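If you read the sequences in order, they're chains A and B.
Following the numbering used here, the numbering of the first sequence begins with 1 at its first residue and continues without gaps.
Following the numbering used here, the numbering of the second sequence begins with 746 at its first residue and continues without gaps.
Read the hints as simulated data drawn from the structure, not as lab findings.
Please note that a few of the clues may not be correct.
[Said to hold, decoys possible] Interface residues of chain B toward chain A, partial, derived using beta-carbon atoms under 7 Å:
{"hint": "1", "residue": "V931"}
{"hint": "2", "residue": "R939"}
{"hint": "3", "residue": "R943"}
{"hint": "4", "residue": "M944"}
{"hint": "5", "residue": "H945"}
{"hint": "6", "residue": "T948"}
{"hint": "7", "residue": "R1034"}
{"hint": "8", "residue": "D1036"}
[Unchecked claim] Computed far set for chain A versus chain B, every beta-carbon distance over 12 Å:
{"hint": "9", "residue": "S335"}
{"hint": "10", "residue": "R374"}
{"hint": "11", "residue": "E402"}
The model shown is predicted, which means the values in this text are computed figures rather than measured ones.
Don't be surprised by glycine CBs; every beta carbon is placed ideally from N, CA and C.
Here's the letter readout for the chains.
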Amino acid sequence: MSSRGGKQKKGNVTSEQEEEEQPLQAVLVADSFNRRFFPISKDQPRALLPLGNVAMIDYTLEFLTSTGVQETFVFCCWMSNKIKDHLLKSKWCRPTSPNVVHIITSDLYRSLGDVLRDVDAKNLVRNDFILVYGDVVSNIDVSQALQEHRHRRKVDKNISVMTMVFKESSPGHKTRCEEDDVIVAMDSKSKRVLHYQKTQGLKKLQFPMNIFQHGSDEFEIRHDLLDCHISICSPQVAELFTDNFDYQTRNDFVRGILVNEEILGNQIHLYVTQDGYGARVSNLQMYDSVSLDMVRRWVYPLTPEANFTDQQGQGCTHSRHNVYRGAEVSLGHGSQMEENVLIGRDTSIGANCHISNSVIGNNCTIGDNVVLDRAHMWNNVHVSSNVEIHQSVVCDGAVVKEAVRLNKQCVLAYNVVIGPNLSLPEGTVVSMHHPEEEEEDDDDEFLSDDQEVGHSKDKTRQKAFNPAEVGPEGKGYIWKASMNDTEDEELAQCLWGLVLNPDPESDSESEASEESQDRSRSVSPEIDDVNAFQLEVLGTLQRGLEENIVCDNLVLEINSLKYAYNITLKEVMQILTRVVLEYPFQQQGTQLTTLQYTGSLLPLLKTWSPVFKNYIKRAQDHLDCLSAVEELFLEQDTHQTAMVKVLMKMYQLEILEEEAILKWFSTGATNDKSRQLRKNQGVRLGQICVWGKPSQNVKGYQFGHCGSLILLLQKETTLLIFSDGVQRKQTPCSQCHKKESCGMV
Amino acid sequence: LQMELQAVLMAAGGGSRMMDLTYNTPKPLLPVGNKPLIWYPLNLLERVGFEEVIVITTKEVQKMISTDPKVKLDVKMKLDLVCIQEDADMGTADALRHIQQKVKTDVLVVSCDLITDAALHEVVDLFRAHNATLSMLMSKAHEFTETVPGQKGKKKTGEQRDFVGVDGTGKRLLFMANEADLDEGVVIRKSIMRKHPRMHIKTGLVDAHLYCLKKSVVDFLADNKSISSIRGELVPYLVRKQFSKSTNSPKVIDETHQNLKKNDKIQISSRDEELLHLTQERSCWNDHRGDMSDAYHGGRLRCYVHIMDEGICYRVNTLAAYIEANRLAPKLFDEPAVHPSAVVSERCLIGADSIIGASCQISDKTSIKRSTIGVSTTVREKVKVTNSIIMHGVTIEEGCNIQGSVICSNAVIGRGADIKYCLVGSHSTAREHNSKIAPEKRLTECHRAEVNITYHYKSITYNNCHKVSK
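Bound conformation, chain A alone (with noise of 0.2 Å):
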């Protein structure tokens, strides 16, 4: 019946559109790229999940079917040829089939981007396509989109390369997945896409004005979409896609486009549905809600009775309060099936069992006095007597002994035996791999077949169950989400996803609030930035040491780090002087002596000069270094005593200048501390001026009893630099004569 309405549609979309006689095409990603399936996805690609009692991915291919798509490529990564012997037995590969399928396989893909990429490479599609992934469920008519898209692309000479495809519902509706909760700005009269963000964790939601600035004057910001992971997409995407390495998701791609939108002018719009129902499956929530509407008929003409897969014996019959059984089900005395149950076929059910919401598989068992609530099982299960199920997924294959209760949320993987007498606490999964295993597999994740899972079954074996976990007899092994967080945070987020949780920022906050906040953020980040520059700046000098780098490349890492944290250039040279004089301390410890500290110190002065002289230039770069090193021996009293040295050194490798010395040593002064530092130094920064003024013949200095500095130049005359920076040459001022107060040496 399907492929009938899918020749239907064909024809209207034939009729409408003259000159394009090409087949529409489909690009079908079954692989999901990510570990959210993980360990049931270690068994089965997530594409072959049963849900409802039917392998995902086949109800893509009907989706896609019945919009008139003739032509499907599907790719596949991940178990390939387990998807690849699932579409050779089905009814797509038939020669009779309306929508001929290729199947494209390869290891070398890690994300859509690899896909589309490859899609260019080949030159597969020659019109626009739909590109959709393998766990897709859906009933929508795309074909009114598809028109609206070919409409724009012909007016506007191909501006527009994707048409999304969402679907209306309200936040908090349970078919939307949290981690998919997309706002999106959109012109209300061309339907464009002006602004596309994901909200997770988000509290305020930021409109940049550039996007209102288009002629238009109504615009529409829209939380109430469902993503149905559905899009249009022209040829271009696939060469964007290739033009632009980084893109790896869908995600990437629109921001990217809507970013670009000014250069590259492509646009992309949207298409919102109010009827059709499309739903990703991403995670187990969606699976669970995904599952139970298509047992409410929601993905209706696909529900489970109409046997759509036209394979032998899947049928079944549908009673009211959407009562579901398939061939040879039996049922034990004073069992209720309440409401929205689909039993498969060959199963039998227990006395007294107490059945809502839920989907059993083909050829399971179930005991006695059973409760199954939102209950998926797939097949071969077998469930003893007594035995409580809450919103849980049972894979192929598992045994649940007598008396266990599974509370909600958790898994039993392929295979595993449970119980008896248990009860599994909440979000619980249990696999018959090791998690330890899974690391191990890490590198092979993507490669692997067949084979080598059997390999590493017989690995795991040897590992001994824990019966406090699985029960006396139980077989397998508890996960938890801990374990696989080595790889990044967002897997390791349970299966089951983000619970949907009414707003957890929601009403509480207080806008006051948020403006304190606002405040105290616009304070704290700029002291964070430079010590944060100032750790880095450490981290680049002491790479610079171990890894003998060229003081040029220090250079320019500083300076791109200064534009990183937004530091002024006074900044830079102040933390550079301030890193370079505490690196002994920070090597060695606070412990060091003076002695210790200098000795340390000189070297690598030396080494990082010419560091220094690309950033000391000018006069006041000269007094900015000093004040730094003025303010970093005031905290370092106990090594007061080493400033001079430093300071000389600073000036015999000419990154300091003598004139500069003197200025800030006759300057500046702002406090006592600072003026008894001067004192204390005064005496041997004269001998740095000794050193330093050979040409001037210095035969020695004194203080003046007002603080200056008094050189004693030859020919009996003196320089005298004042405190105010003012240097004069004289003959000795008669009160300075005096040894005693002069402190004459």
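Assemble chain B onto chain A, guided by the hints.
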């Protein structure tokens, strides 16, 4: 018997955006279709059955309304004129605070420059149906088609746009901001989007400055003296506060509610309040779909807007709007185009889209098309008036040709003048030649220098964008 709503008419604005017109005539008294501007909002209120209106205005306007014979308001409503000081620089919210003592119920605030044929009940019904704190009227912005004296070409729309966000039904007001304040882009909290998942952002709207406000808002204004303008401060504040519960201000409003209930049990609005609350609790009605939370998500402060899709809605606050309003005003009421007391020669041509005011004298061989001729205006022989607004007491000598211009009150146009797209200023003391445009002088775009006008006080002549001063 208590009224449901008290009407408040704001008529104290100076008309700062059309100073050329309001220099001698205060804005509320500018003639539009030979009626003072203030007549239009008064008529609007009278039509829907108001019997009393509080008019907030200046001393000058009050004097003119009561003494000037030309200002015939012909309204049957009782006008309660409240004067505020002109130089006090009071905003609309200040004015509302000023009359707080007179406010006994919810108020309907109207601006004096509103000309509309809007069905007022739409706004009030929103206010009633949702027990709203604020409901207001907006309209799609109109493009002004007429050429405006003193403006070359079409005015560029360089003005800052208002961003108005409404929910899926187009009624609930969710967001309001001016482009100038949106440096960081439009920022909307996610919790708002969860409650109202579909938000329409509209930019091409004009605020009609017509608001229904709860009495508690007026009381709130009395407590918060920092708010001075309804449009600029109060409305954005209320819109914002819809979604924040824990802040003080709604509590303030709530508290005042409570106080009122305690103090004055006879208040109809307060008694309703309790009943309404009860109905809402017991009712299965809900304003939204999707989640199962209470109607309005438990929020107590609600703002609504009625957006007119069609019909006339002008705010006469610029010269362009003034001209447009004059063109459209005759369509708003059924009155003979030519006043019975006007003396119109039989041998002249008067288009159907023109209005001739009372005691006018129109002489032979005159042609008047798409124009408004004010009260006591004399038009002599062989004069051609097209697309123009002639105010009261103007004398147009023989052979003049006036096109697309505005001639203010008591001006005298000399013989044979040719005036195109000009604004001729008004004057009231010099009786003989107020703004006299000398005979045989053409006032067109290229003859700017030859204009010979006797200026008294401030008479302004624009010659297609050029201000002529001598």
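Verification of the supplied hints:
no.	hint	verdict
1	V931	4 Å, holds
2	R939	5 Å, holds
3	R943	5 Å, holds
4	M944	4 Å, holds
5	H945	5 Å, holds
6	T948	4 Å, holds
7	R1034	6 Å, holds
8	D1036	4 Å, holds
9	S335	32 Å, holds
10	R374	19 Å, holds
11	E402	39 Å, holds
This entry satisfies every hint, going by the numbered hints stated previously.
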